[in-house]
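Participant: Based on the sequences and whatever the hints tell you, model everything.
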Amino acid sequence: MLAQLGEEAKLLAGGQSLIPLMKLRFANPSHLVDLNFVPGTTYIKEENGALRFGALTRHTEIEKSAIAAGVPIIHDCAAGIADVQIRNRGTIGGSLAEADPSGDWATVLLTQKTELHCLSPRGERMIPLPEFITDAYTTALDHDELVREVVVKVPEKGSGGAYLAFKRSAPVYPTASAAVQLTMEGEVCKDAAIVLGCVGLMPVRAKEAEAALRGRSIDGKALAGAMEAAHAAADPQPDMRGSAEYKRSLVAALVKRAIEVAVQRARGQRVEVSHIYA
Amino acid sequence: MPETVEKVAIQLKVNGKPHSVTVEPRMLLVQLLREELDLTGTHVGCDTTYCGACTVLMNGEAVKSCTMFALQADGAEILTVEGLEKDGQLHPIQKAFGDSYGLQCGYCTPGLMLSTLQLVTKNPEPSENDIRKAIAGNTCRCTGYQNIFKAIRQASRNMKGV
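Going down the list, the protein sequences come from chains A and B. Those letters in the first sequence? Residues 1 to 278, by the working numbering. Those letters in the second sequence? Residues 1001 to 1162, by the working numbering.
These are computed hints drawn from the structure, not numbers from a lab. Keep in mind that the hints are not guaranteed to be accurate.
[Unchecked claim] Quick look at which bits of chain B chain A covers, simulated, 3 or more residues with Cβ under 8 Å:
#1 1045-1055
#2 1093-1102
[Unchecked claim] Partial list, derived from the structure: chain B residues whose beta carbon lies under 10 Å from chain A:
#3 1028
#4 1115
#5 1119
#6 1121
#7 1124
#8 1126
#9 1138
[To be verified] To list a few chain A residues with every Cβ distance to chain B over 10 Å, as calculated:
#10 36
#11 70
#12 89
#13 117
#14 119
#15 142
#16 171
#17 227
#18 249
#19 260
Glycine included, each C-beta is placed from N, C-alpha and C at the ideal position.
Facilitator: Encoded structure:
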């Protein structure tokens, strides 16, 4: 259908970003193709060590899902997005396909092994998430292609993750956010993935911050190193949410807290976290 | 946008009453409710998906009716503030908001009451944190929220055994 309607046609998933953007005339599609009536697009399954989400699975459903709760960073994300009403409508596939640099899902799922199964008249192809998001609001999707399923590999035992986002109030996008996944072997951090949200045109993979933790025990010195590296990796725009320097400091503090929670979770402790409101 | 837009026929239930209407595809649900069905209790506050004044329940779930198209409600059951009262009796949530002084100007109140209804229907004994999370998407500029929290606690007590 998208192929017939041409390049200006757009897909409508949850609509919680696209409809506000249309009201602001930032988006002006010639046609909208509503996916909400397509059956079989909403599900959460665990299969062969991976979580599989239908593209139209709502944030609320992921928040409530016992399967998704098995990967705590995914629950952190789903439960904190915007507010109840928006979580009731907004979808994981829509959020990823929109590729808003302030969106929550991309930041979180870039710390995981995530693949998107995408469908077009030419058939299905798999795109790893790091290759899927190519720029702000831009993805590797062709104009007649859609996201069918989001597949996230379940982290190995001894791995823990956490996602923290700081918001001025519930319905707004975060000022900054940090997603951390750590794999621990005793006191030593075997592997680390750290991604920063809202501080660049795309989520920022903070490789230096990861290196500051890898192969070390997570002590004050390692934390300080990771914070410093995250501060340097962030490339935020100053706007009404804060100055660039404020956002850098904020994202470094979020990284520290997320690391601390991830370590506790890697040890098997249950820690509740959620987005922080000003 | 073309000047004439073909209208689409949809059927939906609003406050238990079935309606067959034709709508422009670009019409928002809140416009259908207010302008076609004359249910002006649902308010438009910010029109930017922020304030929650337009909150209604769609199939029991709170949604911002300014952020979905009317035709997306085809086949759905919508509940607005007008549907809360039964047989001239205020709904326990409406009574609680009045008794607890949970409103001042009242503009946000319909949305807040519907967010409250989703909360207490799914979670009859909400904690303080549950209450805060449930209405985080509803902005009130008068009350400072304390009396709204009180009203929701009262409402959950009122609703027991109803």
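Participant: Which earlier hints can't be squared with this structure?
Facilitator: 2, 6, 7, 8, 10, 12, 16
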